[in-house]
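Those protein sequences? They're chains R and P, same order as listed. Here the first sequence is numbered in the numbering used here, starting from 1 and rising by one per residue. Here the second sequence is numbered in the numbering used here, starting from 1 and rising by one per residue.
Calculated from the structure, these hints are not laboratory results. Only a predicted model underlies this, so the values are computations on that prediction, with no experimental measurement involved. Possibly wrong hints are sitting among the right ones.
[Said to hold, decoys possible] Some but not every residue of chain P turned toward chain R, in silico, with C-beta under 10 Å:
id: 1; residue: F75
id: 2; residue: V410
id: 3; residue: N412
id: 4; residue: A444
id: 5; residue: L447
id: 6; residue: G451
Idealized CB from N, CA, C, for every residue including glycine.
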Amino acid sequence: MLTIENLQVSVEGKPILKGLSLRVEAGRVHAIMGPNGSGKSTLAHVLAGREGYEVTGGSVRFGDEDLLALEPEERAHAGLFLAMQYPVEIPGVTNMYFLRQAINAIRKARGLEEIPAAEFMRKVREQARLLGIGEELLKRDLNAGFSGGEKKRNEILQMALLEPRLCILDETDSGLDIDALRTVADGVNRLRSPERAFLVITHYQRLLDYIVPDVVHIMADGRIQRTGGPELARELEERGYEGLLGTKLAA
Amino acid sequence: MATALDTVKDFTEAEYKYGFVTPVEEERFPPGLDEDVVRRLSAKKGEPAWLTEWRVAALRRFFTMEMPTWQKVRFEPIDFQAISYYAAPRQKERPKSLDEIDPEIRRTYDKLGIPIREQEILAGVAVDYVFDSVSVATTFKRKLEELGVIFCSISEAVREHPELVRKYLGSVVPPGDNIFAALNSAVFSDGSFVYVPKGVRCPMELSTYFRINAAGTGQFERTLIIADEGSYVSYLEGCTAPIRDENQLHAAVVELVALDDAEIKYSTVQNWYPGDKEGRGGIYNFVTKRGLCRGKRSKISWTQVETGSAITWKYPSCILQGDDSVGEFYSVAVTNHRQQADTGTKMIHIGKRTRSRIVSKGISAGRSDNTYRGLVRILKSAEGARNHTQCDSMLIGDRCGAHTVPYIEVHNRTARCEHEATTSKISEDQLFYCRQRGISEEDAVALIVNGFCREVMNELPMEFAVEARKLLGISLEGSVG
Chain R
1 MLTIENLQVS VEGKPILKGL SLRVEAGRVH AIMGPNGSGK STLAHVLAGR
51 EGYEVTGGSV RFGDEDLLAL EPEERAHAGL FLAMQYPVEI PGVTNMYFLR
101 QAINAIRKAR GLEEIPAAEF MRKVREQARL LGIGEELLKR DLNAGFSGGE
151 KKRNEILQMA LLEPRLCILD ETDSGLDIDA LRTVADGVNR LRSPERAFLV
201 ITHYQRLLDY IVPDVVHIMA DGRIQRTGGP ELARELEERG YEGLLGTKLA
251 A
Chain P
1 MATALDTVKD FTEAEYKYGF VTPVEEERFP PGLDEDVVRR LSAKKGEPAW
51 LTEWRVAALR RFFTMEMPTW QKVRFEPIDF QAISYYAAPR QKERPKSLDE
101 IDPEIRRTYD KLGIPIREQE ILAGVAVDYV FDSVSVATTF KRKLEELGVI
151 FCSISEAVRE HPELVRKYLG SVVPPGDNIF AALNSAVFSD GSFVYVPKGV
201 RCPMELSTYF RINAAGTGQF ERTLIIADEG SYVSYLEGCT APIRDENQLH
251 AAVVELVALD DAEIKYSTVQ NWYPGDKEGR GGIYNFVTKR GLCRGKRSKI
301 SWTQVETGSA ITWKYPSCIL QGDDSVGEFY SVAVTNHRQQ ADTGTKMIHI
351 GKRTRSRIVS KGISAGRSDN TYRGLVRILK SAEGARNHTQ CDSMLIGDRC
401 GAHTVPYIEV HNRTARCEHE ATTSKISEDQ LFYCRQRGIS EEDAVALIVN
451 GFCREVMNEL PMEFAVEARK LLGISLEGSV G
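Isolated chain P, as found in the complex:
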């Protein structure tokens, strides 16, 4: 008879489903990083001089910075000179319609279960596909244009809306913020840009699928979302990557800006290749995500479901500058095999009566390590600020680790902070109960884990929640012993 330990073992041995490589002809730079590379990259993209210089300045900062050591993740030093900083599917021109997209690329998305046409017709989701570094298709553009919503690749935004890009790029995550932000600022290849004008409620979820395909390339996405006064936008980001033996670096930067009464909801489902059972390969996911609630009564909400990557190291944060602004962070982080996750959030309260809510669910299996690290900082100016933090950890098996590292700094006496934390395990009783009702062991584990994460899953937009639920199920596949 299978035991819970077998389940853990099988769960641990489940293979990565999205491991395939798409043979597309591509154009790429040889490995190496210096000012010349940055200038060539900028020239390749036809960027204006201010941006080229901005990149070069960031690169200079990058060369002066050291790798941080405070995080609880271990990895070999990264050789930044061994990475190629530009890879793009070779194509003469951007496709004019979806039919012109390379069939190989189409097939890749089909395997991922997101056929472009289906997405376009059925889901009503506008999708900006990022295939390695170049955005290959943007759907639903016209409809959004009617409302004045700008949704395009950041390269296109640099060309078409330079004033907006120049005003906001680096305004939330300055190039010198951290070493990976500096690197990204220097070499960012592409990403998404969203601008929602005053008073517009974006009628559909905007979505980007990232996919790392080419071997030995780092991916440096840059996303910038601006919600003007009284507007609302919900943005979905999903990621998968094929199996590669060498570690691949992903150092994205996401900046969100919400003006008065604006709301941004940013949801991520990440299932990049986590490496094999021994911890070989897998993505390094070192991402800087930060939202600035600049306006009064503005709101930024981060929701993330992280199941992939060898190392996940990120803290989607909110700077609550406007009075009565609200920051939220809902997170599910699943680690397995030898995956490492050091993730959490930062809530910086500056404005009066600012509120933040943190719900973090960590699930560790195999020999993985899962750390929640969160900072709640209440500045002197943040009269009447409030925070509530809830951190729940679930352990599957007895060789994994769960860690909670909360930092709370309060500089105003009227503020109120609450922190709750729990640790639990899937019990034999729960598994037996489910199985007695006919539910297989692997489905039972998925059911219990999904239940554990429900508060966060509920925050995801409907289509995404279904996908995320499936993803947890897929992670647990192959568990019948």
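Bound-form chain R, shown alone:
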């Protein structure tokens, strides 16, 4: 589904990703772990098409498409979703209204009619209930005054409603207490399906107790350094980045 080959990315002339390669198949959950500054979030942002990153080499294919040639919204239309580490506030735009705009934008791009109001309400309520999101939070301005946990749960709500093929979770566990972490993980697990792939970016092994990955990658210095199964995450938990990668890469 996603094929990254020798991806090189700079920010303001400074190389961050230095030849990263990765293949993600449909139906699989890949975890990317790495110390601070390893380039994890850069990878997430480059895949989603955020400005300010200069791709200096390599390629990314998403299905049949050259992902890097697409605008951010076109990537969303193609089925790529990024659950953000810091969801932004949009004052004056209610959570519900935003959701509907996003769903309809994607439907329109795929040649579908706008979602009927009743169907929309039913789906939102159903998913919101599963994520423990109250009616009140749906009516509030998008992310305005949301707690850390509310913001992250709301990201998963959007993910559930937009039904992407590839879900990228950028440090979704940061700032979450254990209950919120469990709710978010349950939300993600419900969305696991043979057609859908996940790229779970995290600093800590903790999240992976709840979202059990098929493949674990350890990233450092702009490259994937090691790849393995869920046991690699546990090994990391025991030995730390330094023990696993050596002092130079773990810095």
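Starting from the known structure of chain R, fit chain P onto it as the hints suggest.
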């Protein structure tokens, strides 16, 4: 990849959608302004002598007045002698039914998206169409007549209800108030008149669509709305104008009078031609709008969404004379290209426990300048008066300007005034977030701007809010880089 700056550029380059000219045969005066012109105009309209003399007196005042210089707008001096003061579609008689309206005029309204028949049948809105200077159709008149609501052109009101016109015309905005009010008083061509009798709640929104069509004509609308004791009326005003190379002057006067326990809600959506990217052409919108809360517990509420005109220069105001009366001003002003807006309100507190609320949202893009100028004056008599003002500015790009100029004069110790102001920008983070969710860049800008304006949009009647929301969207069209 498109950047926010591209969006700004594209937004800036979006073309004016309503630029077309309707080829109707028209009758007009040659350019020029003197007493003779005013008398001929008055005669043409078959006005009584008192009104003719009232106009002439206003013209004399006008000739003694100077252009003010305190505002933050720049424009070439206006040659008042180069303007034609009367233009009307040539028609033998006023149409008896909507079917008799010139098909060209009908088409014009259709292009604007307000087909008369649809409006009549579907929207349940009574519309007084003002095409250049003459009101061409008034719908729903009969239904209103049953309730005793008078809704007609001001020319008709002069003929049919002279006592009301004579009593209230110029009572809120006297002819000598300012140079444009004086000019309007001398040469006003037509406009709307509303009278809501005691205790009547007007069951539908009353609406006027202004459209400037003829080249080189100024438009001098005169609107007078009177809400008698305990009555309520909501009035909508919408405006568009075709593209013209020369600047066109629009100097309207709107007067509102609310008696005891009466409420008037006046909403405007204005998208007149703003001029091209270089600032050529466009409407000069110099309007005097003022409401008088004459009665106790009366209320006047102004809501405006201003996206058009080369220069917008207006301050819809409330004089809170009656005890416990309430004045409100909700405004969205969008400027782009080289548009200039100097707009705001005046709240004059005279009565006891009078309250006013001001919410102003200014959005500047391109190389435009957007100024909020507001006066809150609390007189000695205004025991316990209160005001709350909120001014928020949003900047799109880095070549535009936003300015806030509040004047607060308090002459009573028991009064309370609050003023809040913020300035913000659309952030890259917000745009990226929206786009990541599949929303295009231009729709994202529209979404964020609409959110920024929500408090004001919420004040608009439903049908109008939808239109205003679309209008902000249209202003942002063509932004995919």
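Cross-check of the supplied hints:
1. F75: Check failed: Cβ of F75/P comes no nearer than 33 Å to chain R, outside 10 Å.
2. V410: 31 Å, violated
3. N412: 35 Å, violated
4. A444: 8 Å, holds
5. L447: 6 Å, holds
6. G451: Interface hint status for G451/P: holds (3 Å vs cutoff 10 Å).
Hints 1, 2 and 3 from the earlier list are contradicted by this structure; the remaining hints agree with it.
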